[in-house]
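> Going down the list, the protein sequences come from chains A and B.
In the working numbering, each residue's number is its place in the first sequence (first place is 1) plus 882.
In the working numbering, each residue's number is its place in the second sequence (first place is 1) plus 882.
I should point out that these hints are in silico values taken from the structure, not numbers from a laboratory.
Please note: incorrect hints may appear among the correct ones.
Since the list gives no way to pick out one identical chain from another, each pair is judged satisfied if it fits inside one copy or across any two copies.
Computed cross-link-like contacts, DSSO-like style, restricted to lysine-lysine with a CA-CA straight-line distance of at most 27 Å [said to hold, decoys possible]:
1) 992 x 976
2) 976 x 1045
3) 1142 x 1085
4) 934 x 1180
5) 979 x 934
6) 979 x 1123
7) 992 x 1123
8) 1077 x 992
9) 992 x 979
10) 1085 x 992
11) 897 x 907
12) 897 x 992
13) 992 x 1013
14) 1147 x 1123
15) 1119 x 934
16) 1020 x 992
2 protein chains.
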Amino acid sequence: MQLEFLGTGAGVPGKFRNVSSTALKLLDECNSVWLFDVGEGTQQQILRSNLKPRKINKIFITHLHGDHIFGLPGLLSSRSFQGGNTPLTIYGPKGIKDFVQISLRVSQTKLSYRINYAEIDSTGLIYQDDKFSVYTEKLDHQIECFGYRVVESDHPGELLVDKLMADNVPSGPIYGKLKDGLTVELEDGRVINGKDYLGSAQKGRIVAVFGDTRANDNSYKLAKNADALVHESTFSKDEAKLARNYYHSTCVQAAQLAQKAEVGKLLLTHISARYTGNMAKRLENQARKIFNNTKVVKDFDVVDIPFNKK
Amino acid sequence: MQLEFLGTGAGVPGKFRNVSSTALKLLDECNSVWLFDVGEGTQQQILRSNLKPRKINKIFITHLHGDHIFGLPGLLSSRSFQGGNTPLTIYGPKGIKDFVQISLRVSQTKLSYRINYAEIDSTGLIYQDDKFSVYTEKLDHQIECFGYRVVESDHPGELLVDKLMADNVPSGPIYGKLKDGLTVELEDGRVINGKDYLGSAQKGRIVAVFGDTRANDNSYKLAKNADALVHESTFSKDEAKLARNYYHSTCVQAAQLAQKAEVGKLLLTHISARYTGNMAKRLENQARKIFNNTKVVKDFDVVDIPFNKK
Ligand SMILES: [Zn+2]
Ligand SMILES: [Zn+2]
């Protein structure tokens, strides 16, 4: 599980930061890539990464501002052109379906795969399979805007085959039952409990990816105990008033949330073009005074989300 | 007058060629830039050029395929963000207005300038001022597709002030009449003809910029005697059948048109990602056998269109 940052700028593309897009790489977990927002030029950024468009099977849109969606029609077209033929689901605010469908219709684009549209009409759990659950909450931006919380299911402990063999438990279909933690009776009359032959379970990881937002109460629900929190940082410490007026956050507000929600690491993105080079470092330093494990990400940064050792 | 190529690829962006966009720089002529097609990522290409978005006041769309229009909403938004406040006119096939308006509405983008939409309902002259006329004709592509011919007005000869002074013609309002080539009577009774006091007129330049097309009959009308012809070259010499099936041209078909229409130079664009490096050179060489003054353009190439010395 890795995050790859495809666009870390705010509002308009700059020379060094493209507009918003963040990839959650779930290659080991389910051979998929999930995208959060698709600003214009995302497909060109992907060309410069080693992501494969056909592996993208979920796209989560935080809000409909142009810097977060104008790359969507082009990405969808290229995914088809490059041989993608498996369905793709787009989650996002009401309106995203119209935008995509009209763009594809006007351009007479015929896709080689099906798009499922999942416009968000209620918050909470919006997706679940055996490996992942995704939750959403409303944030506080000029227009309807969502944050997403991806929760990996806990990994059950591995079956300790060496221990079974040492105890002369013959292999066979009962290994499946033991792996599920059940109690079984062996042919020699012994009764053993699967739980005694399982390694320790591995807690699933949690990643929260936010759209543009002011500091607000829903943020905590989404961010709580996340291994990684991807948060906007459009303004610096001293610009809280500007941030409020423009419905954005300061780096310090993001750090305060990270601290309160006890996240693993804070990844600051949506960096204004005013903050070039060392000035972006300053945002990082301001945030670190409050939450030390903070990083201002750049385009093409890849951040690993390891299992929690605790 | 210069052409700057912002995207010279075909269909989907590649690592070295972005999707279609061509700028006609009329900075000396009228302090304007006109864009032909706006594929996704055009605004990012402009960032890497020295073009100013606010100077773009006309955009000509050849057809509605995604690789020619998906960059339009983002470019329009950024032009506003970067202080553009003068009106802009978009010419193109029916449907372009819907696409732009819906994209701007969904994203709640408010522009600081007015857009005039000039959807093409009849071919021929579509724009004229004292310096330029623009003509359009239908080409032959899968969907409605236009080519554009920009004709600069002839520059009248300069008034030869030295010669007037040598002939003791006193300066004053009559200089205006003489400059217009009129006959005037001087106070001393002499009658002189303005035409005798004008330098030689300078023929205006002609630039033709085509959309995607098969070889077709309208092309000649648009290309005739152009100083520069910008033409697609999606396929190579031996792929005429593929070109026909996909509604495109080979490099040789473009060269045949250039020769027949007696253009000044042929600029080949819309180059497939299959033709990398030296293979693109091969397209050029194949075309040069028929029309020598041919160039396969690359992204960011700038081509000067000088006055014709003849
Ligand atoms: Zn934004
Ligand atoms: Zn094309």
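> It remains to establish, for every hint, whether it holds in the given structure.
We went through each hint and held it up to the structure:
1. In the homo-oligomer, the alpha carbons of residue 992 and residue 976 lie at most 27 Å apart both inside one protomer (23 Å) and across protomers (19 Å), since each shortest distance falls under that limit.
2. Proximity of residue 976 to residue 1045 under the C-alpha cut-off of 27 Å is found in neither arrangement, the shortest distances being 54 Å within a copy and 73 Å between copies.
3. In this assembly of identical chains, the alpha carbons of residue 1142 and residue 1085 lie at most 27 Å apart only when taken from the same copy (21 Å versus 73 Å across copies).
4. When the C-alpha separation of residue 934 and residue 1180 is checked against a cutoff of 27 Å, the pair qualifies both within a copy, at 20 Å, and between copies, at 26 Å.
5. With identical chains, the CA atoms of residue 979 and residue 934 are at most 27 Å apart within one copy only, with a shortest distance of 23 Å there and 33 Å across copies.
6. In the homo-oligomer, the alpha carbons of residue 979 and residue 1123 never lie at most 27 Å apart, since the shortest distance is 34 Å inside one protomer and 38 Å across protomers.
7. In this assembly of identical chains, residue 992 and residue 1123 lie within 27 Å of each other by CA distance solely across copies; the values are 23 Å between and 46 Å within a copy.
8. For the homomeric pair residue 1077 and residue 992, neither the shortest alpha-carbon distance inside one copy (53 Å) nor that between copies (61 Å) is at most 27 Å.
9. For the identical chains of this complex, residue 992 and residue 979 are neighbours both inside a copy (16 Å) and across copies (21 Å), given an alpha-carbon limit of 27 Å.
10. Neither within a single protomer nor between protomers do residue 1085 and residue 992 lie at most 27 Å apart by alpha-carbon distance, with minima of 42 Å and 46 Å respectively.
11. Taking the shortest alpha-carbon separations for residue 897 and residue 907, both the intra-copy value of 25 Å and the inter-copy value of 22 Å come in at or below 27 Å.
12. For the identical chains of this complex, residue 897 and residue 992 are inter-copy neighbours only, at 24 Å across copies versus 33 Å inside a copy, given an alpha-carbon limit of 27 Å.
13. When the C-alpha separation of residue 992 and residue 1013 is checked against a cutoff of 27 Å, the pair qualifies neither within a copy, at 32 Å, nor between copies, at 42 Å.
14. Only within a single protomer do residue 1147 and residue 1123 lie at most 27 Å apart by alpha-carbon distance; the minimum there is 26 Å, versus 57 Å between protomers.
15. In this assembly of identical chains, residue 1119 and residue 934 lie within 27 Å of each other by CA distance neither inside one copy nor across copies; the values are 38 Å within and 32 Å between.
16. For the identical chains of this complex, residue 1020 and residue 992 are inter-copy neighbours only, at 23 Å across copies versus 33 Å inside a copy, given an alpha-carbon limit of 27 Å.
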